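Asker: Using the numbering used here, the first residue of the sequence shown is number 70, and each one after it goes up by one.
Treat the hints as calculated values from the structure; they're not laboratory data.
There is no bait here: all hints are sound.
Pair by pair, the computed Cβ-Cβ distance ranges are:
hint	residue 1	residue 2	range
1	Gly208	Glu431	26 to 32 Å
2	Asp90	Glu127	35 to 41 Å
3	Asp74	Gly188	22 to 28 Å
4	Glu143	Glu360	23 to 29 Å
5	Ala101	Thr338	35 to 41 Å
6	Gly315	Asp404	32 to 38 Å
7	Leu442	Phe85	30 to 36 Å
8	Ala119	Ala379	33 to 39 Å
Source: prediction; values computed, not measured.
Using N, Cα and C, we set each Cβ at its ideal position, and we do this for glycine too.
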Amino acid sequence: MVDADRAASRMERVPFSGIRDVFEECDRLERAGRDVVHLEIGRPDFDTPAPIGDAAREALADGHVHYTSNYGIEPLRTGIADKLSAENGIEYDPDSEVVVTTGATEAVLVTMLALVEPGREVLVPDPRWTYGPITSLAGGEPVPYRLDPATGYQPDLDSLRAAVSERTELLVLNSPHNPTGGVVSEGRLDAIADFAVDNDLLVLSDEIYEKIRYDDHDHHSPAARDALFDRTITINGFSKAYSMTGWRLGYLAAPAELVDPIVRVRQYTTTCAPSLSQHAGVRALESGLHEPMVEAFARRRERVLERIDAIPGMSCPAPAGAFYAFPTTPAGHPDAEAFVHSLLADTSVAFVPGTTFGDAGEGRFRIAYANSLDRIDEAFDRLEDWL
Numbered sequence: 070m071v072d073a074d075r076a077a078s079r080m081e082r083v084p085f086s087g088i089r090d091v092f093e094e095c096d097r098l099e100r101a102g103r104d105v106v107h108l109e110i111g112r113p114d115f116d117t118p119a120p121i122g123d124a125a126r127e128a129l130a131d132g133h134v135h136y137t138s139n140y141g142i143e144p145l146r147t148g149i150a151d152k153l154s155a156e157n158g159i160e161y162d163p164d165s166e167v168v169v170t171t172g173a174t175e176a177v178l179v180t181m182l183a184l185v186e187p188g189r190e191v192l193v194p195d196p197r198w199t200y201g202p203i204t205s206l207a208g209g210e211p212v213p214y215r216l217d218p219a220t221g222y223q224p225d226l227d228s229l230r231a232a233v234s235e236r237t238e239l240l241v242l243n244s245p246h247n248p249t250g251g252v253v254s255e256g257r258l259d260a261i262a263d264f265a266v267d268n269d270l271l272v273l274s275d276e277i278y279e280k281i282r283y284d285d286h287d288h289h290s291p292a293a294r295d296a297l298f299d300r301t302i303t304i305n306g307f308s309k310a311y312s313m314t315g316w317r318l319g320y321l322a323a324p325a326e327l328v329d330p331i332v333r334v335r336q337y338t339t340t341c342a343p344s345l346s347q348h349a350g351v352r353a354l355e356s357g358l359h360e361p362m363v364e365a366f367a368r369r370r371e372r373v374l375e376r377i378d379a380i381p382g383m384s385c386p387a388p389a390g391a392f393y394a395f396p397t398t399p400a401g402h403p404d405a406e407a408f409v410h411s412l413l414a415d416t417s418v419a420f421v422p423g424t425t426f427g428d429a430g431e432g433r434f435r436i437a438y439a440n441s442l443d444r445i446d447e448a449f450d451r452l453e454d455w456l
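Modelling step: build the complete structure from the supplied sequences, incorporating the hints.
Answerer: Take a look at the structure:
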C-alpha cells in the first residue's frame with residue numbers, strides 16, 4: 070500500500086484556501102436547493118462586456134486556437150505597454166519586458182519561483198491575499214507586516230522596519246488592497262520606496278484592482294518611481310475591472326533582466342495564456358468598458374457601509390478601492406471563523422472569515438460587494454434577523 074502521506078514537506082506550510090473553503094460549502098448548499106447570497110468571492114457579477122466576447126468569437130473564427138509565444142501575442146503586449154505608459158507613467162519594451170499570464174495569480178507564482186531563493190524571506194501584508202502560501206510554494210519564508218486600520222490600511226513603516234532582516238529578498242505591495250480596500254497614498258509610497266532601496270529589496274506590486282477606486286483616491290505604481298523601476302515587478306490583469314475572471318488573463322511587466330528568469334519558469338508551467346482570451350484582452354484595453362462597473366461598485370460600497378453602521382458592534386474603515394469591506398464582527402460574535410460558518414449554515418449568507426487573511430483578520434470578516442444591491446440588502450436582512 071502506498072503511504073498516504075506522500076506530500077512534499079513544503080505543503081505543511083500551504084493550507085487550503087479559506088476563501089475556496091467557503092465557496093465549496095456554498096456549492097454544496099446550492100446543490101441541496103438553498104438560496105445562497107454570495108458575498109464571499111472576488112468575482113464581479115456582471116457579464117463580460119459584449120465587445121470583449123465578440124473579439125474572442127472573431128479570434129475563434131479566424132483560427133487563433135494554437136499556442137502563442139510564452140510572452141503573449143504581440144498586439145496584447147503592445148497594448149499593455151501602451152496602457153502602462155499612458156496610465157501609470159512606466160515605460161516597458163513590449164518585446165522583452167511584458168509577459169501575458171494565465172491570470173494575475175500565475176504572475177505572482179512565476180515571479181516568486183523565479184526570484185525568491187529557498188529559505189529567503191518575503192515581506193507580505195497582514196491582512197493579505199494568498200501571497201504567504203505562494204511564497205511557501207516557492208520555498209521562501211513569508212514574514213507579515215502590519216497594515217494600519219486607523220490610516221485606511223496604509224502599510225505601517227515601523228512594522229516593516231521590524232520585519233526586515235538580512236535574509237529579506239522581496240516586498241509585496243497590493244494597492245488597492247484585498248481584503249480591506251485600502252489604497253497606498255503617494256506619501257506612504259515615497260517612504261516605502263526609501264525603505265526598499267535602503268534594504269536592497271525587490272518589489273512585487275499587485276495592482277489588479279487599480280481601476281476600482283473611490284472618492285478621488287489616486288493609484289500610484291511603485292515602478293513609476295525612478296528609484297524603484299529597476300527592482301519592481303508590476304502585476305495586473307483583466308479579471309476584476311472587465312469582469313473576466315473565467316478568461317484567466319493577467320500580465321506582469323519588469324526590466325528585462327527580471328523578466329528573463331520569470332519567462333524561463335513560465336515555459337514549464339502553463340506555457341501561455343489561452344489564445345482566445347489574449348485576443349479578447351486586446352479589445353478590452355481599447356475600451357472604457359470598465360467604467361459602468363466601477364460606478365456600480367461605488368453604489369454598492371455606500372450601501373454596504375450604511376448597513377454595517379446599523380448593526381451594533383460592527384465598524385469598518387471606508388474602502389478606498391477594490392470591492393471589499395473588512396468590518397469587525399457583530400457584538401457578541403468575536404470569533405470570526407465561528408461567526409461566518411454559523412451564519413452560512415443558518416442563513417445561506419456567505420462571507421469570509423478575516424483570519425483567512427492573516428492574524429490581523431481576527432475579529433473581522435470580508436464582504437465582497439461584487440453582487441447586486443438587492444442581494445446585498447437580502448444578505449444584511451438575513452444577518453440582522455439571525456442576530
